[in-house]
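Asker: Chain residues, written in single-letter form:
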Amino acid sequence: MNEVTQSLLIVIGVLFAAMTVSAGLIWLERRLLALWQDRYGPNRVGPFGLLQVLADMIKIFAKEDWIPPFADKPVFIIAPAIVVVTALLSFAVIPFAPGIAVIELNVGLLFFLAMSSMGAYSVVLAGWASDNKYSLLGGLRAAAQMLSYEVFMGLSLMGVVMLAGSFNLREIVEAQRGMWFCVPQFLGLAIFLVAGVAETHRLPFDLPEAESELVAGYHSEYSGMKFGMFFVGEYLGVTLISALTVTLFFGGWLGPWLPPLVWFFLKTFVLICGFILLRATLPRPRFDQLMAFGWKVMLPLALLNIVVTGGILLATK
Amino acid sequence: MISILRSLWQVLLHTFQPRATIQYPDEKPYLPPRWRGRIVLTRDPDGGERCVACYLCSVACPVDCIALQATEDESGRRYPEFFRINFSRCIFCGFCEEACPTYAIQLTPDFEMSEYRRQNLVYEKEDLMINGPGKYPGYNFYRVAGLAIGGKDKGEAENEEPPVDVRSLMP
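Line order of the protein sequences matches chains X and D.
Each step along the first sequence adds one to the number in our numbering, with nothing skipped, and position 277 is 277.
Just add 1000 to wherever you are in the second sequence, counting from 1, and you've got our numbering.
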């Protein structure tokens, strides 16, 4: 009984934290972008504009939820749910602190990779079901981009797995007691971050929704809360990639003085700010540049990382 | 690669820069005295209307937002019977001010003139008239011009010579 209540509490807590953080990110991103562009951003609703999120939510629920008559209805409705569901499922394997994880899978990392691949379906199906040329182009780009960046996203993590000797995320964190993996796996970290940005299709890799070319890309036809789901899904993705980077490369909950949970959230917060800084700084590359960069630069680098890490491990053991 | 890191750093440095936004309703921006805002009709220093209803402003107006009707009082001074500016059309170009021969119509540094009803943006003469000379203190058109009106005949204006009697041969 006690165990059941505890795991229920953890499940609800993780769900609540993930949703709150990703909703709060909408506000945080606008404030931080404004800060770096010497503006204020939303600062009218509530203290520091914090209630802006609430106002936006009320507004988005009051909007007409329109399904175009030419759309493929069931797919059109399911697509935005997939992105949120896969992102939330991925949160299940992340260890927030010792003992605080929804589930401890011995294939945790593989589970995350599988879920992020599933997330690609959301964008592709949305683009396809909308029956709109811009949406379809966005979906096509998303398919190509996410599939090719998936490849070395997985490969970049193999170095970490080799060092830790496990796919279990908790054991990976425990393996970082001596030294965080961001030092020996610096290359892996850089590749994973690039792939993570591409995977969440955030700027500068937001080609699937490139406003200046494709109206709004795959979600051109979406309105109301369905659009809101894509929006929240994107921020969930950012939180997820940040949390995972912390777990894999920055020692998860490890840290002196402060309690483990605080360390985890602090590190995640810094990484999220880094995501937003990327958006504030970098322009979008052309699509062929993006693909060439992925296949010709990142993939060989990821392979090189595996070879070198494996070689060193073999030599030292 | 280095350039990307460099630009990331430079954007990050903007954290410590002052913000350019003026938080408008709380903080008002500085408007220079020659700002082209709400249009007013001014009076001369004696309190009389400066406008002589010459229609030049109405003609100069590119969007035809000024309407007026000239009339004359018993002393021969022309003035507008009504003077109407439709501010929902006005583009604040200032051509009326440039066209005005008597400094009557002037643009002021004020732009806060929103209304809930469009009709309220049509300003009548009593809305436009102010109790002062505006940007040109001390200027009185009838005291400078050589026009004869009640209480001031030809040759009695400032710096004006008495009129020449063309029928006389005397210098």
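In short, the hints are calculated from the structure, not lab data.
Each residue gets a CB set at the ideal place from its N, CA and C atoms; glycine is no exception.
Where hints are given, some of them may not hold.
[Said to hold, decoys possible] Just a few of them, taken from the derived set where beta-carbon distance is under 10 Å, the chain D residues facing chain X:
#1 S1007
#2 P1018
#3 T1021
[As the list claims (entries may be wrong)] Sample of chain X residues facing chain D (criterion: CB under 10 Å; computed from the structure):
#4 R30
#5 L35
#6 Q37
#7 D38
#8 N43
#9 G46
#10 F48
#11 F287
#12 L290
Asker: For this structure, which hints from the list above don't hold up?
Answerer: Violated: hints 4, 9, 10, 11, 12.
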